[in-house]
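Protein sequence lines correspond, in order, to chains A and B.
Going letter by letter, the first sequence gives residues 206 to 436 in our numbering.
Going letter by letter, the second sequence gives residues 206 to 436 in our numbering.
Careful, some of the hints might be misleading.
Each pair may be met inside one copy or between any two copies, as identical chains are not told apart.
Here are the simulated EDC-like pairs of lysine to aspartate or glutamate, each with C-alpha atoms no more than 16 Å apart in a straight line [what the hints assert, rightly or not]: (1) Lys-410 / Asp-270; (2) Lys-334 / Glu-290; (3) Lys-372 / Asp-426; (4) Lys-410 / Asp-385.
Just so you know, the hints here were simulated from the structure itself, not pulled from any lab data.
There are 2 protein chains.
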Amino acid sequence: MSDASTGTTVSADEAEQQRRGLMLVLSSPSGAGKSTIARLLLQNEDNLELSISVTTRPRRSSEVDGVHYHFIDPKRFEQMRDHDELLESAEVHGNYYATPRGPVEEAIENGRDILFDIDIQGTFQLYEKMRSDVVSVFILPPSIAEMKSRLKRRAEDADEIILKRMKTAVGEMRHWSEYDYVVVNDDLERAYENVRAILRAERLKQFRSPKIGPLIQGMVDDLEQELASQK
Amino acid sequence: MSDASTGTTVSADEAEQQRRGLMLVLSSPSGAGKSTIARLLLQNEDNLELSISVTTRPRRSSEVDGVHYHFIDPKRFEQMRDHDELLESAEVHGNYYATPRGPVEEAIENGRDILFDIDIQGTFQLYEKMRSDVVSVFILPPSIAEMKSRLKRRAEDADEIILKRMKTAVGEMRHWSEYDYVVVNDDLERAYENVRAILRAERLKQFRSPKIGPLIQGMVDDLEQELASQK
Chain A
206 MSDASTGTTV SADEAEQQRR GLMLVLSSPS GAGKSTIARL LLQNEDNLEL SISVTTRPRR
266 SSEVDGVHYH FIDPKRFEQM RDHDELLESA EVHGNYYATP RGPVEEAIEN GRDILFDIDI
326 QGTFQLYEKM RSDVVSVFIL PPSIAEMKSR LKRRAEDADE IILKRMKTAV GEMRHWSEYD
386 YVVVNDDLER AYENVRAILR AERLKQFRSP KIGPLIQGMV DDLEQELASQ K
Chain B
206 MSDASTGTTV SADEAEQQRR GLMLVLSSPS GAGKSTIARL LLQNEDNLEL SISVTTRPRR
266 SSEVDGVHYH FIDPKRFEQM RDHDELLESA EVHGNYYATP RGPVEEAIEN GRDILFDIDI
326 QGTFQLYEKM RSDVVSVFIL PPSIAEMKSR LKRRAEDADE IILKRMKTAV GEMRHWSEYD
386 YVVVNDDLER AYENVRAILR AERLKQFRSP KIGPLIQGMV DDLEQELASQ K
């Protein structure tokens, strides 16, 4: 590991490449701007990919199977659940949503970060299964009035669905304190930069990079040789 | 808290103002670039101030009492230590360095962040006294060769002092894994931006902002009124 002529070196890139990936969970009541922040992150962040959920809800005209969701029937969902192939699953407005386990574990072990756009129940299930890999961010709307106006801008949603979402939001917001971070989205650019900083910082957590240890030990060895040679 | 006409609102500024301050600890072996990063942070970050240590070591020609350190005699140091007025103290190269408790507690309770430029022993003492307020960053030099060349650029230090520092460095680097974050300083600008991201992210930690709770509850109340009125 140590080379007398140049000595052991470590670069920020090496440190980054050798770390374990993380699971970035963004949750918020509908209308808090979560989806916009998620899209910006995926556009601008290297090494971040979206976890594609499976769902039993009907595909919307704007959605592509395998891109927005893997659309499956209830029978297939039950098979996956019964074979422990799901990291988390939830029923929302009468439909099932779930995260397949395989792709996530493969990504994290290879140092790739995964973005999750899931609700509070899903977040808690991820906590149970892999807490130290999860970084959870609760995005808060600046006000209920703002939240409602954002919801109503979604042309494709019926008032009844909006009302359902508002009811869900009450339950979600009560759990704000169980997230690692809280970001108030009263200014989109600022909220986005805050989530970016969270991702950048969490990638530098010591415990995600156990493999740096040998590199540092190599440097310590170099230094001890150095000192010995000066005695 | 809730106003029927406008509803309860929360801004990112409010959230920021209502949080508890944090203690940002930068540690590294001498020559890893810690001091430069600390100076840049203090120049560019709002709401971050340097903890001024007391020390019994002689003032250098380049230093100002009360700015770089509070220079005190060994007798005064012992008084402060015996009256539990010190958050941490350490003997380095035969001199005593310590952090006075009062200013730090006052700052944190008022939401101001404090930067600490202390060694590993000091960091561990802060852990014991106020672990959840401490955010510790270990700055790593890219190589021993680079570390040595940086040390030798310090004109005012004698070779003997440099040698002492190198010996200390061996001990320090062995403790890298006990820090919250590890930043490799092979590129100053990148290392600095990494530490900035850590500070920005840690300011958003949910547990530092317990006072947001009532604001969120106010929004939930607004929403429930909203829903009730639609029944």
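Comparing the hints with the structure gives:
Taking CA atoms no more than 16 Å apart as the test, Lys-410 paired with Asp-270 passes in neither setting, with 35 Å inside one copy and 36 Å between copies. In this assembly of identical chains, Lys-334 and Glu-290 lie within 16 Å of each other by CA distance solely inside one copy; the values are 12 Å within and 44 Å between copies. Taking the closest pair of Cα atoms, Lys-372 and Asp-426 come within 16 Å of each other only across two copies (12 Å); inside a single copy the shortest separation is 61 Å, beyond that limit. Taking identical chains as interchangeable, the C-alpha atoms of Lys-410 and Asp-385 lie at most 16 Å apart whether they share a chain (14 Å) or sit on different chains (6 Å).
Hint compliance for this structure: hint 1 is the single one not met.
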